Every structure is written in structure tokens, then in C-alpha cells.
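Residue numbers (this note's numbering), protein chains in the order written: chain A, 1 to 139; chain B, 140 to 294.
It should be emphasised that the hints constitute simulated quantities derived from the structure, not laboratory data.
Be aware that a few hints might be false.
In silico lysine to aspartate or glutamate, DMTMM-like type, Cα no more than 25 Å apart, as pairs [to be verified]:
#: 1; chain 1: A; residue 1: K112; chain 2: B; residue 2: E148
#: 2; chain 1: A; residue 1: K88; chain 2: B; residue 2: E248
#: 3; chain 1: A; residue 1: K36; chain 2: B; residue 2: E148
#: 4; chain 1: B; residue 1: K227; chain 2: B; residue 2: E199
Okay, the calculated bits of chain B under chain A, using three or more residues with CB under 8 Å as the criterion [to be verified]:
#: 5; stretch: 158 to 169
#: 6; stretch: 209 to 217
#: 7; stretch: 247 to 257
These numbers were taken from a predicted model, which means no experiment stands behind them.
The beta carbon of each residue, even a glycine, is placed where N, CA and C say it ideally should be.
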Amino acid sequence: MLTVSTFTRGLRNGLRITWELGVVIVPVYIAVTILKYTPALNWIAELMKPVMHIVGLPGEASLPLVLGAFLNIYAAIGAVLPLAMNTKEITIIAAMLLLAHSLPLEGIVSKKSGAKVSTLIITRLISAFGAGLLFNYFL
Amino acid sequence: MSYLDIFIEAVSGSLTGVFQIALIVIPLMVFIEIIQDLNLLEKLTAILAPFTNLVGISPEGRLPIMAGLIFGISYGSGIIINSARQGKLTYRDIYLINLFLVICHAVLEDTILIAAIGAKWFPVLMVRFFLAVIICYVVARLMPVPLAEKSESSL
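In isolation and in its complexed conformation, chain B is listed as follows:
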């Protein structure tokens, strides 16, 4: 195999890879803008209620979790910082939201990317999601609930 052949293999292979990913990423980004402009994010947060109640995260934590799940961890963190500044989230909330999101985030983009390179995406997505839920649940049991939150939940 000549150096030229290796070079051609490398360049054509890599460009093909980028092209295949572009075919997926560009429509996905349009889709994500549609979600945002239709304000679907806030409506979708309701489906997180069973999870946040189970773990004991404030209802205000649902929006950053949903944002991180769909748009990625940077976007989710931006909302966490905002909510934290407004005093709506406790340190416990912030830690648990981060814990959930570092394990499971940007599920649309990541899942489609790995499907594009030939992975079985569904089991990977399931493992990611359930690991995040289980680990959050276990860690939440170990973290003390602040007093303010206790009185709120007993109402």
C-alpha cells in the first residue's frame, strides 16, 4: 500500500463520515429550534414530575433537567445558574440535577450520532437514562434534605 493510497483512504473516509453526520445534525438542529420556538420545553417538563418527586428535587429543577436532556449540558447548566440565582434551587437540587445530566444529556444528538456510526442506539439510551435515575435516587437518599424543603413537602 502506497502512501498515496493511505492518504486517499484517510481523506475520503473522514469526509464521508462528516457528510453522514451533517445529514443528521442539520435537520436535528432545525428540529431543536422548532421545539424552542413553540415553547415545548416548559410543556414537556411535566413528564419529569414522577422522577423529581421520587428523588426529591424541587419542581423548579424540572426545567434545567429537560433543557439538558434535549439541548445538552451547557444549556441545562445555564438554566440551573439562573434558577440558583433566583434562590429557587438548593445545593442538593443543583448537585442532583448535575448528577443526572452528566450521565444523561443531549439525548437527541448523542443518540442519533451513535446510530449513525452503527451502534444499537436504543439499549444505549435506556442504560443511560436508567443509570441516571438509579444513581440520582441512591445519592439523593444519602444527601440530607434541607429544612426549608422538608417543611414544604410536608404541606
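One chain only, chain A, in its complex shape:
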């Protein structure tokens, strides 16, 4: 049944999540913006270019992919935003990130429910790469 508490709970959860993602997105965004004005981002971009090129992404997009895989989607978004990618690139990286994010945390969750985690994580990484190839080809 819907009561006032349905809405207050939703509001409270929404604010809590906004806070949780804010404390991740803001520092990551600031760090990547600063990185943009140093040679470091170019080094990373040049280094990762050959790999990222296969899925149609610029080299510096490796940064949000790694942040997303190890931390979470919010950290990845914090790193995607300052990089100014086009719609195709954002769609590719979004697909890859949604398939492979928060791997340590979600791995623990799967483990708790009793499933073998290693094959799950490998499946996610392969799917993410496959989706990247697919979108690069068809978009």
C-alpha cells in the first residue's frame, strides 16, 4: 500500500545515493580534469591507444574503464564527463561499463549467494569487450 512513508523513503534513498555518488564523482572529475592539463593523460592515452582503438575508443577512455571495473559506475562517470567524448564513444563506453563494473564488490555479492565468482567475472570482461566491438562496428 502506498503511504507518505513510501515517498519519504524514496526521497531519502535518492538523497543518500546522490551523496554517495557525489563523493565519488567530484574527486574523480577534479583529478581527471587536472590530469588533462598535465602530460600524464597523453602518456596514458598513447600507451592505451592500440588496445582502445579496437573498440573505437580514444586511449584516455581506458581511465574510466579501469575506474569502473575496480570501483564503480559513479567513479567511471566522474572520469567520462571531463573527457568530452562524442555520442558514439559514450555509447560504446557505457555498454562496456554496464557489462563490467564494480567487479570486486559485485563479485563478493555473488559469492555470498553461493556462486563461483571467477567464471562470472571472466564472462563479464569478455561480454564488455564483445559489446565494444559490436557497437564500434554497427554505430
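Starting from the known structure of chain A, arrange chain B on it as the hints suggest.
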């Protein structure tokens, strides 16, 4: 470009990003509470029947899958743990539900988030869903069905 300009760009850009996401996440969380309080979750599980039958997951597996699809993987796992304790799910069920959910979960929040940053959300959602179905189907063929389940399905 001075250090101050870089700092202002970073702070204003990041706060704008968080604000845009807040505009989406807060109404979404209210919506999710509404789904929960109207007990829509159990009613929605029926639409998963073709999938669970195709793959060979017990009907009890539909609730954790629907919970994971809507609320996210932690919530879905909570229900899996509960159902598993009650002996309603086999290891095969548990593995396949987890396999489905790690590929495709929290579809409302994730999809809206990527739409907010400018991605084409619909193809991404479709790829996620169909990858989960196809991979589950293939892995399910490779996993032996426990005896108890076989006798149940032959009834």
C-alpha cells in the same frame, strides 16, 4: 590557463554532473519504493516465465531475477540467499541467476544514468539483456540438470 581556471572548471563541471544525476536518481528511488509498496515485484515475475523455462531455472528463481533487474544485484542476491536457505534453489539455479544478473541488473538506474551522460541507452539495454539471455542459455546447456529437477519437469 591558470590554476584557478582549471580548479573552477573541475569544481563546476563535477557539481553540474552530480546535480543532473540527482534530478534523475531521486525520482527514480521514489518510483522504486512505489513498485515495492504496491507489491508489483511478485506480479511482474510472470513475464520471466518464458526465460526461466527456456533456460531451465526453477520458477522460484524468477523473484530474485526480477529483484536484481529492478533493484540491483545486492537486492537480488539477498533474495537468492533466502530462497537457497529454504532449499528452493539448486546450485545450478543459483549459478545461472547470478550469471544472468551480473550481466544485466539495475536496469532502471543504470540505463537512466547512461542516458544522462549522453549515451544511446536503448541499444545498450538491448545488448545487455540479450547477452544475458544468450549466455545463460548456452551455459545452461553445458550444466547438468540435477535429478530432482528432471523428475519435476517430466511431470
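Is the straight-line distance between the alpha-carbon of K227(B) and that of E199(B) 25 Å or less?
7 Å, holds
Assess, step by step, whether the Cα of K88(A) is no farther than 25 Å from the Cα of E248(B), and give holds or violated.
This hinted pair holds, its Cα atoms lying about 21 Å apart.
Verdict on chain A covering the stretch 158 to 169 of chain B, criterion of 3 CB contacts below 8 Å:
holds (count 8)
With the threshold set at 25 Å, check whether the alpha-carbon distance from K112(A) to E148(B) stays at or below it.
Since the Cα atoms of K112(A) and E148(B) sit roughly 42 Å apart, the hinted pair is violated (cutoff 25 Å).
Is the listed coverage of the stretch 247 to 257 of chain B by chain A valid when you require three or more residues with a beta carbon under 8 Å from a beta carbon of that chain?
Our answer is that it holds, as 5 residues pass the Cβ test (under 8 Å) against chain A, meeting three.
Do three or more residues of the stretch 209 to 217 of chain B come closer than 8 Å to chain A, measuring C-beta to C-beta?
Result for this restraint: holds, n = 3.
Between K36(A) and E148(B), does the CA-CA distance stay at or below 25 Å?
11 Å, holds
The structure shown violates just one earlier hint, number 1.
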